[in-house]
Structures are given as structure tokens and as C-alpha cells.
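Could you build the full structure based on these sequences and the hints that come with them?
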Amino acid sequence: MRLTGAQALIKSLEMQGTEVVFGLPGGAILPVYDPLIDSPIRHILVRHEQGAGHMAEGYAQATNRPGVAIVTSGPAATNIVTPLANAYMDSVPIVVITGQVATTSIGTDAFQEADTTGITMSITKHNWLVKDASEIPRIIAEAFHVATTGRPGPVLVDLPKDVSNQMMDWYWPTSIDLPGYRPTIKGHPRSVAAAAKMIKQARRPILYVGGGVIRSKATEALGALVAKTNIPVVTTLMARGAFPDDHPLCLGMPGMHGNYTAITSMQKSDLLITLGARFDDRVTGKVSGFAPEAKIIHVDIDPAELGKVRKADIPIVGDVRLVIEDLIEALDKGEAGEQVQEDLSAWIAQIREWQDKFPLRYEKDPTDGTLKPQFVVETLSSLAPPGTILASGVGQHQMWGSQYWRFNDPNTWINSGGLGTMGFAIPGAIGAKVGRPDKMVWAVDGDGCFQMTAQELVTAASERIPVKIALLNNAYLGMVRQWQEMFYDERYSEVYLSPDLPDYVKWAEAMGCVALRVESPEEVAPAIEKANEINDRPVVVEFRTDSREKVFPMVASGATNDQVDLGPLFGGDL
Amino acid sequence: MTSFGTSVIPMSMPGGKNTSGVSHHVLSVLVENKAGVLARVAQLFSRRGYNIYSLAVAPTDDENFSRLTVVVDLESATLEQITKQLHKLINVIKITEINPLEAVQQELLLAIVSTDAQSRSQILELADIFGAKVLDVGLERLTLALADSPEKLDDFTELIKGFGIVEIQRTGRVALAKLSRSGSRSGITKGKAS
Ligand SMILES: Cc1ncc(C[n+]2csc(CCOP(=O)(O)OP(=O)(O)O)c2C)c(N)n1
Ligand SMILES: [Mg+2]
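Residue numbers (the working numbering), protein chains in the order written: chain A, 1 to 574; chain B, 575 to 768.
Since the hints were derived computationally from the structure, they do not count as laboratory data.
Small disclaimer: the values here were computed from a predicted structure and weren't measured.
Where hints are given, some of them may not hold.
Said to hold, decoys possible - Reference listing, derived: stretches of chain A covered by chain B, where coverage requires no fewer than 3 residues with Cβ under 8 Å from a Cβ of chain B: (1) 111 to 121; (2) 533 to 546.
What the hints assert, rightly or not - Below, a list of computed lysine to any residue pairs in the SDA-like style, where the Cα atoms sit at most 25 Å apart: (3) B:K662 x A:R310; (4) B:K662 x A:P315; (5) B:K658 x A:G118; (6) B:K608 x A:G180; (7) A:K286 x A:G118; (8) B:K668 x A:H188.
Idealized CB from N, CA, C, for every residue including glycine.
What follows is the structure, given as C-alpha cells:
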């Protein structure tokens, strides 16, 4: 069968089971948009290519399947750089196809030419510049393979226009030949056995669970491990939902804005069983003072994470799910099997004491009647049906989202962790809803973030993607305001945004959304209930929240995790 | 970069520094011989904050593969991190760390030295002692070539400096593990990936 390169691309995407692509056409990608008309693949026309990239990420994070975006060359390719960097940081499998100028023009500064593979080299797992149409099926197969296996991540295929138009003989590769790419899946049995023994000997163990547990679909295995060992779990920002918040052994989020118990239990632990987490600086605080008494078991599919920040006593390279399953077996075998597990009751009692003394706290009934953002998120969480997906932007609202939402399922928290990309929420939520139309999808967004990617609500309205946005309008770039208040003597520099410029309700309505404004605590629940009823178009609920509210607890940048600032409701430092 | 056509690509010049310094490690990296591979390797080093001291690249006996001999400056990171990060590149097939003490290393030096009637014979004598070749002769200049261990090249450079070096160029070293006395090869495994 003779096909053009463009037809071969679309057919290759179909072969990969692609059901939806997010994109926006232009000159260099024009040939690809023609066969798209005849394909069963759904195309979602975004309003900015950054939106396409984040939608692909939201789709992938909600479904554990690769998200696909197609954009043109030059400015479109550079517009999608941020999502690629974001996906690289958070190990999100996306496949981005960019148009490129004709091979005969490459290197000549042709119209809309950018060195896309060069620009994206350090923010993709791998990228390809297609030189001949006959390479297309092979490269697409390789691209999906690389994106979705090992440590997942973004890949990019740059497709010159003349290659799209070139004829080729269709084939589909039966195998993938990448001699330099063979991820280690199975943990070394001896290390696993040693880890099992160490777990049984630990008196103050903590399961330090990261986003890798979600990516490797290890949440069931993790549940079984906890059931067997009774070890408490902390879930990092990327791992919220990997272990249910409703489980008594779930301690919630550690790190800079984690809760006191999650932070302190890691800090006082004698064994951190690290599963698909990477000792990010937002988790460890000052590394030299992090969990000083803890031995480390570190399981990750990416060997480069082992020993990168903190030396592991037992490093295990492998797929987290498989390693946990092996670990569960190893606990009953050999030397570990003969060992009786230490009694954890004193440790758990200590943890309960911290939880009682230092819970997350905010002012419930402020005398001035202001609306507290934490109250909004808490109410939202309690009124959302089980399994609701929450997407988030970046800032204070993100931290409140992570702290006050009850996560009980994996793939229900869609946020930008590693890169901290403002504006992620709206396109992230749209992608998630496209991938999981059966689920309700809310986004918690900030006013700053909203203004960065709001245009995608037009996409959502026209494509009938009924996402719901809880806009926490505090009239500020709140997170930056918080730092200026706390660390720059309340000298506020360029953080004020205004509560009513723009008029979010009018703006949302103009974009085809239902829009509601909430100014007082009594209005919160009714507005959410009303939004929950709407299922045929996007909804924006603007909550006018207290500008002065800060995120606590907080471990200041550069401090160790022994210095948790619990905020004014606890009378300051501990 | 479109191919590994040239036999050796110097990345950074030793500039008189001792090339056998203990902080340097030699990595022999087998890569797919594909467009852009050198750029990926070089970019990885700069992005992770590692310093490449010298780099030599050429296709192996199987032209689907190339071998990079990278001398890394170890003050910037641990060798283990560098190696692991390099391994993450899809086109990198195999990395072997070569301990300089257990390796044979060679590097090529080209130098233009200024001469006069009087110094010419002294220079030629030096060249003879070191086994350097005279590649080109001008009225007041000589072009010399020396292929030897990096240390020998350092020594030679030191000695010809006195006569006036007009220009000097080094390639960066290539290295192979020393043969084991008991007969079988140690260190580098050859060519193709398993
Ligand atoms: C693209 C981008 N630019 C700048 C920042 C730095 N930054 C982090 S949080 C923040 C404020 C976010 O404001 P808003 O969306 O209103 O959220 P809030 O903190 O007020 O909840 C800024 C500017 C960022 N993370 N991303
Ligand atoms: Mg704000």
C-alpha cells in the first residue's frame, strides 16, 4: 500500500491505539491535517499550543495512557516547549508531533523554522527528526515505546513538510530495535531480600511514596504491602491518591507545605522505604539535615535517581509495582522470613500524638466573614462524587488543593509538580476529562494561573468538555506574595492583580462557560452543588477569597525539616 | 553535527595543564552512529554541570556504531551520576570506565615551532628523542607531530616551549584497557552491543 508520509503518520497513530490528539494546524503540518479528516482519531482544536501539550499531559495523568499533541513548526513548536519540560519533570508519557520546514530548507532560517530537536533535546526522553517517509512507522512505534516504558516521559517527532508529502510503502514494525534502551524492570532478588529483612528490623519505618507508584500502577501492590507490614505512608505531591487519605496509615503530604506529621515522621524515621520518589528539594528541605537517622531503601526504575540526592543503603532498580510484589513475597522467605517484624505500636502511637497535636488548621469561622480558600477546597472535596479528578494550577491554591482534598484513588490528582507550571490547571483538567469522560473533573485554579491559560475554556466550551473550575481569586500572585510577606519584610513587589480586573464572570461567560461568583462562606456549598449539576458545558466558579491567607505548615527554603512553621494558629515556630 | 566523519574531534585544549591529573576519568562510550548523537552527549554534560576535558570520536569497526572517548573533569560531579545520566540517552549503548593506570592511552599533538639556524638541530634532536615526526619544514618554522601518551605530550610541550610555539593542537586521547597478562582481554568489550 502506497501512502504519503502524512497518511503513514495518522495510520501509525491509529496502530498505537490513539483515540484523541490535541493540536492546532499551520503551514508545515498542513499535509498531516488532511488525512486526519478521514481518521477515527478525534482532534481537539486548542487555542494555544501550550494548551495542547498540557491537555496531552492531563489525559496521560488521568488514564495512564500516552497523550498525543500535533502542532506546526517554529512558534508552535516553541509554544509546546513548556509542556515538554513539564512532562519531563513529572515523568508524563506524551508524544508530540511537530511540523518542520522541508528538509531542503532546514538550516536556512526558513519561514517558521526553529531547531526543534535541538531546543527540546534536554526536555524530552528522546526526539527524532524524520528524514524519509519510510521511517515514519518505525519512529512512531519507537516514540510510543520510549514514552511509555521505563521511566515514562515526553518524546517529540519532528516531521518536515516534504517528508509528509513523500510517498512510502506502508508497513508496521513487528519489533523495536533500540540497542541502547533496555530499562531494568525486575529488581535484583538479593537486594529485594535484603530490603525485606531491613523492613522487618526497622522500628520507625515510613513508606515514602512518590509519583512513580502511580505511573507504574503500583497502588494495589502498595496497599497489600501496607496491609502486611502496617507501615505508615506519606504521599508526595506527585503521589496524592496513590494511597487513600481515608486509610488510617496514610499520613498525607510531606515537604515544604506538608503536614507536621508527614514531615516529622520522615524526619524521625529509622527507615525510609522510598518507592518511585526522588528526594526532591521540596520534600527534603536542607538535604544535609534530612531524616538524619534513616536508612534508605530506594526503589526506582531510573538508575540515575538512586544516589543522586541521598545515598541509598539498598538501591533497587526496577519497576516499582514488580518490586513491591517481590518484596511482599520476600518478607516471608529466607532470612527475612525468619525475622519477626519489630513491633510498630510505639511508633504509631507517636505518630497519632503528632496528628492530634498538630493537624492541618485554618480559621473556620473568621469574625470578619471573609472566605477562606481552605474552606472552599474542603467543601468542594466533600461535595464531589467519589473518584472525582482534581486538576490544579501552581501556587497557594495548589498546596491547599493537595492539603484539603481527600484523595482516595490514583490518577485523580493532576498537577504540575517538578516544573511548577502556572496555567497547568485548565488544559490539564480538559485533557483529563477527555480521557475520563465518565468522571467529574474539577480544577482548582489561581487568578494568576487562570489568566495564563483561560483561553482553553473556549476549547472546552466548543468541544463540549464539561470541566469545572474553582477559581480561588485572592487578587494576588498569592504564593509570591506569601514569600514577600514572610521573607522580604512585607515589601510587596509586583504581586497585586486586582479582584475584579478582569471580571472573571463576564470573561467566563464570553468563553461559553456557566459562571458563578461566590463571596461569602454560606454561598460556597450551593454554588458547588449547582456546578455539579451542569454537564453540558464548562463551569467557572469564582471564589473571592481572603488575600492575606498563607499556606501553612511551611518549612522555609534552606531550613531543615526540623523547623516546621505551623503558622499563627499554633503560635508560630516549633 | 551530521556525521562522525572526522577521525578525532578536539573539544577543549589542555592548555598546559597536566593531563594526567587524578580528577580526570576516562569513559569509553559506545554510541549509535546517528545524526545528533554527539550533540546529545555534549548537551547532557553541560546541562548537568559536568565538564568535558577532552573528547575523541570515531566510528568503530562496525560503522553502525561510534566510540567516544571522553575525559571528564571529576570535580564537577560523581562519575556514577555522569555514567547513569549518559546511559539514559537512547543512543548510548555501552559505557566503560577506563582506569588510566590500567589503560594504554594515545593522543596526537601537532605543533608549529619557530626555529633559527641554531635551534633547528636542537629541536630535531628533541623530536628524535620523543619519536616525533617532522611534517613540514619552513624557513623559520617546523611542524612536528607526536603521537604518544598524554603525559609524554605534556613533557614534549614543556620542552619545545622554550623555542617558541607558534601554534599547538591536541586531539584528546583515545584509550583501551591494558591486555591481561593471562591472555584474555579485560576492560573494554569490543564493538557491537549484545
Ligand atoms: C509560568 C510561571 N511563572 C511564574 C511562576 C512563579 N510563581 C509561582 S506561584 C505564583 C503565583 C501564582 O498566582 P495565582 O495563580 O494567583 O495562585 P495563588 O498563589 O494566588 O493561589 C508565581 C508567580 C511559576 N510558577 N510559573
Ligand atoms: Mg492568586
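Status of each hint after checking the structure:
no.	hint	result
1	111 to 121	holds (count 3)
2	533 to 546	violated (count 0)
3	B:K662 x A:R310	holds, 20 Å
4	B:K662 x A:P315	holds, 17 Å
5	B:K658 x A:G118	holds, 22 Å
6	B:K608 x A:G180	holds, 12 Å
7	A:K286 x A:G118	violated, 34 Å
8	B:K668 x A:H188	holds, 20 Å
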